[in-house]
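Quick note, the sequences are listed as chains A and B, same order.
Residue numbers are given in my numbering: position 6 of the first sequence equals residue 6, and the series is strictly consecutive.
Residue numbers are given in my numbering: position 148 of the second sequence equals residue 148, and the series is strictly consecutive.
Don't read these hints as lab results, they were simulated from the structure.
It cannot be assumed that every hint is accurate.
Stated by the list, open to error - On the chain A side, residues computed to face chain B include the following (Cβ under 10 Å):
1) Thr20
2) Leu23
3) Asp25
4) Arg26
5) Trp28
6) Val38
7) Leu41
8) Leu94
9) Glu112
10) Leu118
11) Val141
12) Glu157
13) Ala158
Said to hold, decoys possible - Here chain B is said to cover these stretches of chain A; the calculated rule only asks that three of the stretch's residues, wherever they fall, bring their Cβ under 8 Å from a Cβ of chain B:
14) 53 to 64
15) 144 to 155
This one's a predicted model, so the numbers in the text were calculated from it and none came from an experiment.
Cβ coordinates follow ideal geometry from the N, Cα and C atoms, glycine included.
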Amino acid sequence: MTDVERLFRTYNVALVRYLTRRLGDRDWAEEVAQETFVRALRQTSIQNERAWLFAVATNLVRDEARKDMRRRKHLALLAEEERDEIVEPEETTLERAQEAAMARKAVDGLAERDRLALLMREEGLDYNEIAEALQLSPGSVGTTLSRARRRLVESYEALQKSQEEREKNAAS
Amino acid sequence: MQHPDEGTIHSWLDGALSADEATRVETHVKECPQCAVTVAEARGFIAASSRILTALDNAPRGVIPAATPKKRVDPLVWRVAATVLVVAAGTLVVARNRGSNEQPADRVMVSRQQASVAARVPAAGGPAAVAVDQAMPKAVVGNASTIALSGKTGTSDSRFGIPARENNALEKRGMMPAGQAAAASEIAGAAAPTASTFAPSHVAGVVVTDSASEPEPLKLVGTPWRIGAKVTLYEVAPGDTVTLTESMPLALEQVVTGISSTSTAMQATSKSAAVPLKARVDTAAITSAADSQRAASAPPSAPAVSAPAPKSLPGMANTLHTVTWTDAVTGNALTLTGRMPKARLQEIKIRIERERAAAAAKKTP
Chain A
1 MTDVERLFRT YNVALVRYLT RRLGDRDWAE EVAQETFVRA LRQTSIQNER AWLFAVATNL
61 VRDEARKDMR RRKHLALLAE EERDEIVEPE ETTLERAQEA AMARKAVDGL AERDRLALLM
121 REEGLDYNEI AEALQLSPGS VGTTLSRARR RLVESYEALQ KSQEEREKNA AS
Chain B
1 MQHPDEGTIH SWLDGALSAD EATRVETHVK ECPQCAVTVA EARGFIAASS RILTALDNAP
61 RGVIPAATPK KRVDPLVWRV AATVLVVAAG TLVVARNRGS NEQPADRVMV SRQQASVAAR
121 VPAAGGPAAV AVDQAMPKAV VGNASTIALS GKTGTSDSRF GIPARENNAL EKRGMMPAGQ
181 AAAASEIAGA AAPTASTFAP SHVAGVVVTD SASEPEPLKL VGTPWRIGAK VTLYEVAPGD
241 TVTLTESMPL ALEQVVTGIS STSTAMQATS KSAAVPLKAR VDTAAITSAA DSQRAASAPP
301 SAPAVSAPAP KSLPGMANTL HTVTWTDAVT GNALTLTGRM PKARLQEIKI RIERERAAAA
361 AKKTP
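All chains, please: the whole structure from these sequences, using the hints.
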């Protein structure tokens, strides 16, 4: 097994999930993940594999977003259309769809660094890896994560509350 | 120890602190209810944020425009399109076939006599219906460019080609898709062309004259002389002739019905012998044509009654019939031959007798 294959088998699932949560699109996430592993091929040596992969993937997304903001807006529009056309799986209830929409909105409301740190932590990266990937000091990761978590949850709860109020108004 | 900040608590809960730092935080939280609340709250944030992020995993695919999403055509659309194509192609084929048949349908050739029969029979239903010419042959339909309903006893000059679009005096009795002309013609050539047979048929493209509804007067068209006999050709209807043979010295008292003889056939077709018989494709027509051709090739002096009677299918449309009687005035034997039912021959015979009596009355005032 080559190094790239090992890297792929070890980190692909987490990297794609991280990118999916980051981008909101599974295909795009897989595409960025593949590009990340392709770039790993060109590296002679990688000290911290997971930190390097998440950092490269994050930068790929960031650079791509910088290069083509219009494309991103177009993607957002397409994503909106897709959401209307998507046939949800049977187990996906309306409640789950609403949760996903609110989660996306809450995550998008976070600061970029907070969001990335949180997403990386969710994929099991330790504080040093997150610090390396995001070029932070290891001591600030805890603060970043705590802030991100609080804001995410508070934002989500606020969205949840307004949703409940809308439902109440609709019922009454 | 000071109260640890929220970041340190998260770091402690995430296991990111060193062993010494973790021990200090753990000791303080046990002793500090305020920090214990903060720790409990942090645990809640960690769990909640993790759950919220999990909700993002249900992400759609195919948002990237790099691979432009192609609208898939529903298989049902393909099926419908294929069905429409097949139906359209079939319709085109049928329309073309009809078109090729309708073209010659305009050039249907029908003898006026037959047209008059077609016109008269449904209207009259009386004696005229009985007098329907049974000898109407089948039309040649299909690849033939001309549908020729030739007269049985028809001579070359009695066969009228009447283009439907060229004669204003003609009226179309009924139109039928040319593709059905074959069936209609088969009906027309069938053994029993009664009113009920003709009326619904309305042979396609058959055109009739307005005057055809009335019987044509007997018209003398020729008087070829034969040894020992006076032969008179009457045109009883346009395109339909009968032959009256008056045997001067002989007094034959016989009536021959149902079977035509070679000599009478020759007489009936004496004028049309040189004309190729067209469009006689059915068995009866071929039999009749062969019969006529045989008769035409026979010497004109052939015996009138001694020739063997060829077998003919009884009741077929083109059977030659003969009626023989003795003239009350002259005492001569009269033989009336025509390719028509015997009943009609009898009717014509009465008309001939009437005319002969009138002529005799003029001669001897």
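Status of each hint after checking the structure:
1. This hint holds: Thr20(A) has a C-beta 5 Å from the nearest C-beta of chain B, less than the 10 Å allowed.
2. Annotation: interface hint on Leu23(A) holds; nearest CB of chain B at approximately 8 Å, less than 10 Å.
3. For Asp25(A), the interface hint holds, the least distance from its beta-carbon to any beta-carbon of chain B being 4 Å, beneath 10 Å.
4. With a least beta-carbon distance of about 5 Å to chain B, the hint placing Arg26(A) at the interface is held under the 10 Å criterion.
5. The interface hint given for Trp28(A) holds, since its Cβ lies 5 Å from the closest Cβ of chain B, which is under the 10 Å cut-off.
6. Using the Cβ-Cβ criterion of 10 Å, the hint placing Val38(A) at the interface with chain B is not satisfied: the shortest such distance is roughly 16 Å.
7. A least Cβ separation of about 21 Å between Leu41(A) and chain B goes past the 10 Å threshold, and the interface hint is therefore violated.
8. Checking Leu94(A) against chain B by beta carbon gives a least distance of about 13 Å; that is not within 10 Å, so the hint is violated.
9. This hint is violated: Glu112(A) has a C-beta 15 Å from the nearest C-beta of chain B, more than the 10 Å allowed.
10. Hint on Leu118(A) holds. Least Cβ distance to chain B is approximately 6 Å, under the 10 Å limit.
11. Against a cut-off of 10 Å between C-beta atoms, the interface hint on Val141(A) holds, since the closest Cβ of chain B lies about 7 Å away.
12. For Glu157(A), the interface hint holds, the least distance from its beta-carbon to any beta-carbon of chain B being 8 Å, beneath 10 Å.
13. Interface restraint check: Ala158(A) against chain B, minimum CB-CB distance 12 Å, threshold 10 Å, status violated.
14. Requiring three or more residues with a Cβ within less than 8 Å of a Cβ of chain B, the coverage given for the region 53 to 64 of chain A is violated, as only 0 such residues are present.
15. For the region 144 to 155 of chain A, the assignment as covered by chain B holds, since 9 residues bring a beta-carbon within under 8 Å of that chain's beta-carbons and 3 suffice.
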